[in-house]
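Use the sequences and the hints to build the structure in full.
As given, the protein sequences belong to chains A and B, one line each in that order.
My numbering applies: residue 38 is where the first sequence begins, and numbers increase by one.
My numbering applies: residue 11 is where the second sequence begins, and numbers increase by one.
Calculated from the structure, these hints are not laboratory results.
Remember, it's a predicted structure, so these values are computed and weren't measured experimentally.
From the three backbone atoms N, C-alpha and C, an ideal C-beta is built for every residue, glycine too.
Take the hints with a grain of salt, since some may be wrong.
[To be verified] With a cut-off of at most 20 Å between alpha-carbon atoms, the simulated SDA-like pairs for lysine to any residue come out as follows:
(1) K98(B) - L365(A)
(2) K32(B) - D54(B)
(3) K98(B) - Y368(A)
(4) K98(B) - E374(A)
(5) K98(B) - P372(A)
(6) K98(B) - W367(A)
(7) K55(B) - D338(A)
(8) K55(B) - H487(A)
(9) K55(B) - S339(A)
(10) K346(A) - I66(B)
(11) K98(B) - Q383(A)
(12) K98(B) - V375(A)
(13) K98(B) - F378(A)
(14) K98(B) - F363(A)
(15) K328(A) - P413(A)
(16) K98(B) - F360(A)
(17) K98(B) - Q362(A)
(18) K346(A) - V119(B)
(19) K55(B) - Y490(A)
(20) K346(A) - A65(B)
(21) K98(B) - E373(A)
(22) K55(B) - S407(A)
(23) K55(B) - H489(A)
(24) K98(B) - I371(A)
(25) K98(B) - F382(A)
[What the hints assert, rightly or not] Counterexamples of contact, computed for chain B against chain A with all Cβ distances above 12 Å:
(26) S14
(27) V50
(28) I86
(29) F120
(30) L132
(31) S134
[Unchecked claim] Derived Cβ-Cβ restraints for the label pairs, each shown as a range:
(32) L181(B) - S159(A): 44 to 54 Å
(33) H51(B) - C425(A): 35 to 45 Å
(34) S339(A) - E105(B): 37 to 47 Å
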Amino acid sequence: MASIILIILGLIGVGYGFATSHKSLDDVKKMIALEEAGHHGGGHETTTDAHTVANDHGTSHAEESHGEGSHADAKEHHDDKHAKHVQHQLENRPWSALYVAAFFFFMIALGVLAFYAVQFASQAGWSPVLFRVMEAITAYVLPGALIVLGIAVASHYIGHNNIFIWMDPDLTNPDSDKYDALVDGKSGFLNMTGFIIRGLVFIAGWSLYRHFARKFSIAQDNATDNRNFKKSFRIAAGFLVFYIYTESMMSWDWIMSVDPHWFSTLFGWYVFASMFVSGITVIAMITMYLKSRGHLPFVNDSHLHDLAKFMFGISIFWTYLWFSQFMLIWYSNIPEEVTYFVTRFQDYQLPFLGMVVMNFVFPLLVLMNSDYKRIPWFVVMAGIVILCGHYIDVFNMIMPATVGDRWFIGIPEIGSICLFAGLFLFIVFTALTKAPLLAKRNPFIKESEHFHY
Amino acid sequence: MEASKVIHAIYTDDDVLMNAVKKVKAERHHIEEIYTPFPVHGLDKAMGLAPTRIAIASFMYGCVGLTVAIVMMNFIMIEDWPQNIGGKPSFSYIENMPAFVPIMFELTVFFAAHLMVITFYLRSRMWPFKKAENPDPRTTDDHFLMEIAVHNNENELTDLLKETGAVEINLIDKAH
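Here it is in structure tokens:
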């Protein structure tokens, strides 16, 4: 099974990442000296600029903890601080790589769960033939979410607060020289106990809905009336209310708090759009894979057309939110908000702008034509680009806050992707074998089988 | 070859009409026109009409709109009079681009939508004082009318149309 190989490869990659991330302070200093000797050009100049900007506005959290001192300090002292800062960033890298990949695959499953609930709540007539595929993908919600929360919590208890700087108790301790009044002011929300309890509540709610939706869906197969379907409808409506609150809070907790000095009001929606479009893309890709293997004879190209339309539309929705967030902050240019984009623009120019091309321009042009939306390889190609684009989207949300300009998509990142991709595929395809692929006796199944656009 | 005589076959049900269209097509008669009070799904396919290209036209109009927006604002804001307005960078188009995006978007939509509508009016010959081309007022309410060219085969056609469930068959002389 390919997924097992992926998991093993991924584990090796992740292990390698952790093994090489711990460097002593002297090693780091040597490395920095080497780099400075290596390129005296603009490359280093820009990094210094980035640090200065971040220091001046005091927003990048890593700078907070290590770079409080002004630049007037003795050079040696500054070098020491700089080296310490870089050391911390290097340590963060395998943690963040793991976290980004874990979150990416988890958000696919959660996006599919939301899409699934929408199909029930809206009583869609086209999608019931795809319900079993969606149910299988959502099997990853529970393990995936637990892994994400687990990594976040482990980064505090096992690591050295490698992802979330606010987990460092010194930041809220007024006697410490790391004391950060802004983080302390938010400690009513951002504290370990609250973080864990909230996380568990979110996960419990999502998994409960997933559990019962699946249960009623299977029960409906052999039922004599529509009682199970009505229950599915009711819990789907309830779940969607719960989901939109918890998804928003989850995005503050699990993503936005990597930059505890920064905040944005439409962040929850933005994360939602990202997870929704990745989820729909994965539904389309797994459906096409199963169909090419002859397991879904009742799925026709009109279903594919509808999924591709969703991929197209939600990609544009994502771009709309991405741009709204970016443009509002760029336009007003308030220092405490704008550092978020300054660091991304200076250190992450290629991924930051590349992801707009991958998540917007590419799907816009490729999926606009109605005929192309029915050609499987075309949709698969668009899907791969969209998924890569949204991985980079998550990468752009987490990495600038944890590793800063020390980013690279190398072995730790690819290893983590392989690990979670393997795990994801293993769980999803195992879940696919657990139930017949066509939901019987769903009141809309006849309509869905004959769906034609 | 313009036929000077046409047959108007009138139906009262869209399903019957669809079957009649298929039958007439199968017998290889040319259908000049069909008048219906509302869109009948699949009628264009049954008649063998070519798909519309208005979406392609609209896409190109959108590209024109985008170009107009970019050229206009590049000239006004960057080249002609690059003022410092509230500290926004007016050194190059790309630097101030986010501020222009709302206008770029709206003009793209504006051009795509309006020019497409105008194209539709031109291609389907519709304008305010246009004389209605309706052969029978009942076709706007609850009747369906199929117009078939006649080439000295009236009896054969009449029989065929009767068979398909036409409630009324009229031979019309189109005086030119």
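Exercise. Evaluate the given range 44 to 54 Å for the C-beta pair formed by L181(B) and S159(A).
Key: holds (52 Å)
Quiz item: Given the hint that K346(A) pairs with V119(B), does the C-alpha gap stay at or below 20 Å?
Solution: Distance ~19 Å between K346(A) and V119(B) Cα, so the pair holds.
Self-check item: Given hint Q383(A) paired with K98(B) - CA-CA distance at most 20 Å
Solution: Roughly 19 Å between the alpha carbons, so the hint for K98(B) and Q383(A) holds.
Exercise. For the pair supplied as a hint, K328(A) and P413(A), confirm whether the alpha-carbon distance does not exceed 20 Å.
Key: holds (10 Å)
Self-check item: I86(B) and chain A, when compared Cβ to Cβ, separated by more than 12 Å
Solution: holds (18 Å)
Self-check item: S14(B) remote from chain A - nearest C-beta pair above 12 Å
Solution: For S14(B), whose nearest Cβ neighbour in chain A is about 41 Å away, the distance exceeds 12 Å, so it holds.
Practice problem: Decide if the proposed pair is consistent with the structure: K98(B) and E373(A), CA atoms, cutoff 20 Å inclusive. | Solution: Holds, at about 18 Å.
Quiz item: Hey, K98(B) versus Q362(A), does the alpha-carbon distance stay inside 20 Å?
Solution: holds (18 Å)
Quiz item: Between K32(B) and D54(B), does the CA-CA distance stay at or below 20 Å?
Solution: With a Cα-Cα distance of about 11 Å, the restraint between K32(B) and D54(B) holds, given a limit of 20 Å.
Quiz prompt | Assertion that S134(B) lies outside the chain A interface [Cβ separation over 12 Å] | solution = holds (21 Å)
Practice problem: Measure nothing beyond the straight line between the CA atoms of K98(B) and P372(A); if it is 20 Å or shorter, mark the hint as holding. | Solution: holds (15 Å)
Self-check item: Given pair status - I66(B), K346(A), alpha carbons within 20 Å
Solution: Between K346(A) and I66(B) the Cα gap is close to 17 Å, so the pair holds against 20 Å.
No hint from the list above goes unmet by this structure.
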